[in-house]
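Asker: Here are the chains, one letter per residue:
Number of protein chains: 2
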Amino acid sequence: MNWLNSDLVGYIAATLTTSAFIPQALMTWKNKRAEGVSLSMYVILITGVILWLTYGIMLSAWPVIIANVITLFLTIFILLMKIVYK
Amino acid sequence: MNWLNSDLVGYIAATLTTSAFIPQALMTWKNKRAEGVSLSMYVILITGVILWLTYGIMLSAWPVIIANVITLFLTIFILLMKIVYK
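As given, the protein sequences belong to chains A and B, one line each in that order. For what it's worth, this note's numbering labels the leading residue of the first sequence as 1, then goes sequentially. For what it's worth, this note's numbering labels the leading residue of the second sequence as 87, then goes sequentially.
In isolation and in its complexed conformation, chain A is listed as follows:
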C-alpha cells in the first residue's frame, strides 16, 4: 500500500483515539453526573495508558509519548469526575 503513508495513518489514528475522550469529559463535566460511566473501565484504561507512556519513553517514540500524555490527562479527569459526581 505505497499509495498511502502508514505514518500519516498512524498520526491521524492517534489524534482520533486521543481526542475521542474530549466529548466524554465535556459531557460529564456539563451534566455533573457520571453514573453511566464505568469506574472499572477508567481504572483499567489509565493503567494501560501509563504502560503505553512507559513503552513510548523506553523507545523514545515521541508520537506515542505525546498521544498518551494527553489521553492520560483526559482519562484521569473523567475518572476524578466519576469519583466526585458518582
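Please keep in mind that the hints were generated in silico from the structure rather than gathered at the bench. Possibly wrong hints are sitting among the right ones.
Simulated pairs of lysine-lysine, PhoX-like, Cα-Cα distance not exceeding 25 Å [to be verified]:
1) B:Lys172 to A:Lys86
2) A:Lys86 to B:Lys116
3) B:Lys116 to B:Lys172
4) B:Lys118 to B:Lys172
Coverage of chain B stretches by chain A, computed from C-beta distances (three or more under 8 Å per stretch; other residues unrestricted) [claimed, not checked]:
5) 95 to 101
6) 131 to 141
We put the beta carbon where it would ideally sit given N, CA and C, even for glycine.
Given the structure of chain A, go ahead and fit chain B onto it with the hints provided.
Answerer: Chain B only, in chain A's frame:
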C-alpha cells in the same frame, strides 16, 4: 531500560487498553441505559480504531491488528447500545 522488556510492556499496555471497554460494555448492557455515555466519543474512537487497524495491516503488525479488532468489536457494541438505549 534494559532490565525491562519494551515488547512486554507494549503487550500488557495493549491488553489493558483493549479490555478496559469490557466493564463499560457489561455495565451498559446490564443497566439498559446509556445516557451518561458520550455518542461523539464512540464515533470518534471507532474511526480512530479503524485507522489503527489499517495502520497495523499496512505494517503487518499482528499485535496492533489483534488489539484493534477486539477494541473495534467492543466499542461498536457500546455505540449500538448507546443508539438503542439512548
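Asker: Can you confirm whether the C-alpha distance between B:Lys172 and A:Lys86 stays at or below 25 Å?
Answerer: holds (20 Å)
Asker: Given as covered by chain A, does the segment 95 to 101 of chain B meet the bar of three residues or more with CB within less than 8 Å?
Answerer: holds (count 6)
Asker: Closer than 8 Å Cβ to Cβ for three or more residues is the test here. Does the segment 131 to 141 of chain B pass it with chain A?
Answerer: holds (count 8)
Asker: Regarding the pair B:Lys118 and B:Lys172, is the alpha-carbon distance no greater than 25 Å?
Answerer: Between B:Lys118 and B:Lys172 the Cα gap is close to 9 Å, so the pair holds against 25 Å.
Asker: Is the hinted pair A:Lys86 and B:Lys116 satisfied, with a Cα-Cα distance of at most 25 Å?
Answerer: holds (18 Å)
Asker: Sort out whether B:Lys172 lies within 25 Å of B:Lys116, counting only the CA atoms.
Answerer: Between B:Lys116 and B:Lys172 the Cα gap is close to 14 Å, so the pair holds against 25 Å.
In summary, the structure agrees with every hint in the numbered list given earlier.
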